[in-house]
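Protein chains: 2
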Amino acid sequence: MATETPATTESGKDPATTPDDHETGYLQPEIDLAALRSLLDGDYAEVRELVRKNLVENADVLEEAETLGHDEFRDRVRDVVVSVAGTGQTALGFPKAQGGSNSTGGAIAAFETMGFGDLSVLVKMGVQFGLFGGAIQNLGNEEHHAKYLPDVISGKLLGCFAMTEGGHGSNVQALETVATYDADSQEFVINTPTESAYKDYIGNAARHGEMAVVFAQLEIDGKSEGVHAFVVPIRIDNKPAPGVRIEDSGLKMGLNGVDNGRLWFDGVRIPRTALLNRFADVTPEGVYESPIESPGRRFFTMLGTLVLGRVCIGAAGNSAAKMALTIAIKYADRRRQFESADGEPEQLLLDYGQHQRRLLPLLAKTYALHFAQEVLTDQTHKAFSGENDDEDYRRALESRAAGTKALATWHSTRTIQESREACGGAGYMSRNRFAALKADTDVFTTFEGDNTVLMQLVAKGLLTGYASDFSDMDQLGMVRFVAGMAVETVVERTNVHKLLERVRDLLPGDDEWDQEAGLLDPNFHEAMFRFREEHLVSGAARRLKRGVDQGMEPAEVFSRVQDHVIAIGHAHVERLVLDAFVDKVQSLPDSDNKVALGLLLDLFALTTIEENRAWFMEHGRLTSPRSKAISREINSLCRKLRPLAGDLVDAFGIPPEVIRAEELLTWGDA
Amino acid sequence: MATETPATTESGKDPATTPDDHETGYLQPEIDLAALRSLLDGDYAEVRELVRKNLVENADVLEEAETLGHDEFRDRVRDVVVSVAGTGQTALGFPKAQGGSNSTGGAIAAFETMGFGDLSVLVKMGVQFGLFGGAIQNLGNEEHHAKYLPDVISGKLLGCFAMTEGGHGSNVQALETVATYDADSQEFVINTPTESAYKDYIGNAARHGEMAVVFAQLEIDGKSEGVHAFVVPIRIDNKPAPGVRIEDSGLKMGLNGVDNGRLWFDGVRIPRTALLNRFADVTPEGVYESPIESPGRRFFTMLGTLVLGRVCIGAAGNSAAKMALTIAIKYADRRRQFESADGEPEQLLLDYGQHQRRLLPLLAKTYALHFAQEVLTDQTHKAFSGENDDEDYRRALESRAAGTKALATWHSTRTIQESREACGGAGYMSRNRFAALKADTDVFTTFEGDNTVLMQLVAKGLLTGYASDFSDMDQLGMVRFVAGMAVETVVERTNVHKLLERVRDLLPGDDEWDQEAGLLDPNFHEAMFRFREEHLVSGAARRLKRGVDQGMEPAEVFSRVQDHVIAIGHAHVERLVLDAFVDKVQSLPDSDNKVALGLLLDLFALTTIEENRAWFMEHGRLTSPRSKAISREINSLCRKLRPLAGDLVDAFGIPPEVIRAEELLTWGDA
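In the order they appear, the protein sequences are chains A and B.
Counting from 1, position 196 in the first sequence corresponds to residue 196 in full-length UniProt numbering; the numbering is continuous, with no gaps.
Counting from 1, position 217 in the second sequence corresponds to residue 217 in full-length UniProt numbering; the numbering is continuous, with no gaps.
Chain A extracted, bound-state conformation:
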């Protein structure tokens, strides 16, 4: 942001130093705080209130993260997790048969709200109920459910999700742990084949977990059937189970209340029924059976359960951004520094144009992501409840979950950093919350899928039109797939051409649509977002194809086009976010709140266009004067939002007890 340079009009008139004309007659809205908060809480207001209550109940854990010893704090976090489980909060997403309410949406909303609290607690709950419990629920059969889920839900049985290995972070298909079927004893034998093939960063492994869902290559009679999940005891009476070696992963940048560990397996025998067999099974005689024919698709169907983790992490990431902005904006609305007319107090930080520019576009994007998350939560709920489970729907959902997670967690990292700097030295003190916020969220861009890899996944889906053999295609497969088609076919297949048709519907005027529409015309925003997405997809398809046609190695082609491919992911997800925000605002009855949300929407849309204005100019969709006018409009929107900013963060409904940062929020009260 800091290098953005403002604009003067060619005519010499300088609206950025004169009152904006269109401000004449503009009525500044007043926020109805209760209504806005209720809108944000949405369908799951009750769940969120329960979580807020639990957060306040356990607010001490935020301070204890600093005062307790390493193991003490881990135990304390475990206790909080178990105690929250006692309130029923963690049962939400599980089957009714096990005392849950089968509400995936409720579980996501709960996790999202937990993002306001200590994030070790959040992540330990994610490991226990989302990953460990979720794997049993989604990959296991009803006997597995009955046997394990009640104790999982209550926190009596703590467990791990043992997927990642030291040698293979993002490339799960290549992991090395092996489960060999022994038909004589009707057991699987789990082995870590080399010293470096240990399971790494496994939450709950170092101290508390008794059981693990272990992902391993299934081998029967020397034949590999690909990666499958097994329930394996790893700790008995507080000691590693026979054949299991456990090491502590060691101190981390943050999240030190979660006991991540490493696991090695040496001939660990588990019964045949320990295979989570919803998608594939082995008969007692050792015959492999699966309703899904392609091993690749089978693998990705199993991995599809990861979608929930990604949905949750993206949501929690945005909650962390809300926390950071709540502190920074409320501080800037109290703190005075420099500059006063004679005798007047110093000026409030938030009255500085640059300070508005730093924080308010981030606030707008946080709102945009909130509503995008709401749509994603709803779609995930429908997929998991079976309300909508056809394969296309599921693939689009996986892509959306991956992309939203990447966008939201990058946004979170950036927002927390900017907010910390905006609070100066006080922002550096642990009690003022940013220390934990920064350290704990930092890994969000990496876990549940590295953001860069996730954005490639999104692009791959678009480029191949979610081709039926998409799932087992790696990047080189994608290059070959795209190269094998006519570019027109790619564009035709991918639905991307619909984007452009829609642009023409929105803004008639042929090739001049971008020049004639008003800057605040929502159709202009949508047209710009869609044009960018379509152009990037078809452009990347052309470049991939041309590279291969010219005889370059697919790996080299991919490497050279990779930044273009990743840009597709950004453009696509940003368009989905815009659509969600537009739909939400349009659905509201007229009110001041609608006006205020409209300002945020405009700010989000124009800031995104501004960030990409070089690209739009390069592609003939933005003239210089118009580009400068956008920057001026953004400044004007910031000035309109400035008096609303305090209410807009209050509407997030973060309990004061978990904000801490008293020093920042009560500045000058003394």
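Where hints are given, some of them may not hold.
Said to hold, decoys possible - Listed next, the stretches of chain B that the computed footprint assigns to chain A, with coverage defined by at least 3 CB atoms under 8 Å from CB atoms of chain A:
| hint | segment |
| --- | --- |
| 1 | 174-180 |
| 2 | 265-277 |
| 3 | 623-635 |
Said to hold, decoys possible - Coverage of chain B stretches by chain A, computed from C-beta distances (three or more under 8 Å per stretch; other residues unrestricted):
| hint | segment |
| --- | --- |
| 4 | 409-421 |
| 5 | 439-450 |
Source of the hints: derived by calculation from the structure; they are not laboratory data.
Beta carbons are placed, not taken as given, at the ideal position from N, Cα and C, and that holds for glycine.
Chain A is fixed; fit chain B onto it per the hints.
Relative to the frame of chain A, chain B by itself:
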């Protein structure tokens, strides 16, 4: 970076997926590592080697930051500081009379190199020798030197630099602590007038400091003479001195080996000679005397001693960036992930185009900042040695120090973050170094001057041509000053017009200079940087003037033009950095190293232009095709630098003992 989108040419030819034509005939250089390292170490190779030896000697402290208790670690850091002092390292910058070598340059180079080690040690040394010792040296007379400096240099007397107050971070002129002269007893009486006017974040205050240089408003007979510095005992026999209240500032995000504290003074009496009186004194009778007439200039002359702190923090920030890149690049050059031709091992991370794009432009900027820092160190040395001490020189130096500090520390924050993410989950483990690197450096963008405020300072200097009353002008003063002149006068005064003259000299061709020059022509780079700087300065002057002319309040004018003002700071400092890098490369005899540095220089120049390409397009200095060609050229430069990247980070000469991160650097060796 991630949203950068690549380009295809209008003609349909796509150089980004075809081998670059101009690569034909291009000879890949081979780095002469010893020569490159010696070039980087420069004039102070001997000092740097001493520091490296001390770093290795005390390398354990990096791990102890994680294993020791809070107070234990603080004491350990103190012991390291004292032990390093015993090697003579910390005497370098002090007068020969006190056993120093009067080498400000050597002291800066030492501090820069210390940036490879634990940063609590670095900052505690900065507090002790730079701020506390530096204040006595630069603000005191020879008696103060003789009385205090020997014990300061040896670490026997630990002290504080008590400037910042709770209520006033950046606005030092407004601080509230008062020193009242009592002519009867010939003493000053130090008081904290309100509970909230405590000195805050004061290093060495909470545990180890016995003495503090306290900045307070000097009052004589009810008249305030502005802020002055006094030597005040704060701790005797490990207890607060009479009248002094000390509190621990509490846990911080990082740098927890430094004992920051809060100080309150209640009628603390110190002798008249405790005033550091180089720039102003009080006679025994209570008459105020100063060779500097203007109170504002006097204040800023005293503050001028802060310049050294800024020079040092910028340097250390870039060292932290070097550390992060060393780890991330060496890891990416070993770590394989995804994608392999059949039977081949997975591809190295650094062979991915996106990974090159993430890291190599940051490497280029780190090199650029290194050489810019070298120039700044040299200029600072000359100012402090008295070799060059006229006022204009000093003001330009202060501006340069402020801007370089801001640019380097923002670069450091960004580079560390990008490098952490590029190392995935392993980058999140404390033993792999990024945890401390991130947490400890985070405040660099804030302390010794908030970066945003510093960039304003740079712009203010340019806009007012370092006017003689510049020093005591706040932002509103600047607005009024600029408004009071004809814009032509501003431009004339500021030397900015010389920028444009130089552009015309460099690239004849009238208004088409930007279109005709080759993208790798250094004159093109310089012309673009200078055009931007000039245009921003004169544009901002016009907007400020117009705003006031139109009757807007100066505060409102400033708020609206603030992002433009800050953009001036960026443009100016980036141009200085480019100039320093160009001068360095041009000064080298022909060699492969020169070719390699030339690639880095081109990459730095083009990346900076690319980051601002929207601005250049808006201002008619870049066409779409040329903008896209720049992005392609950057990708091509990254591919050329890729095989050199390992050597380019090795040349920083970071001792392996302080890198830690063994897991990342030896990946796959097992």
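Each hint tested on the structure:
no., hint, verdict
1, 174-180, "violated (count 1)"
2, 265-277, "violated (count 0)"
3, 623-635, "holds (count 4)"
4, 409-421, "holds (count 5)"
5, 439-450, "holds (count 7)"
Against the hints set out earlier in the document, violations occur for numbers 1, 2.
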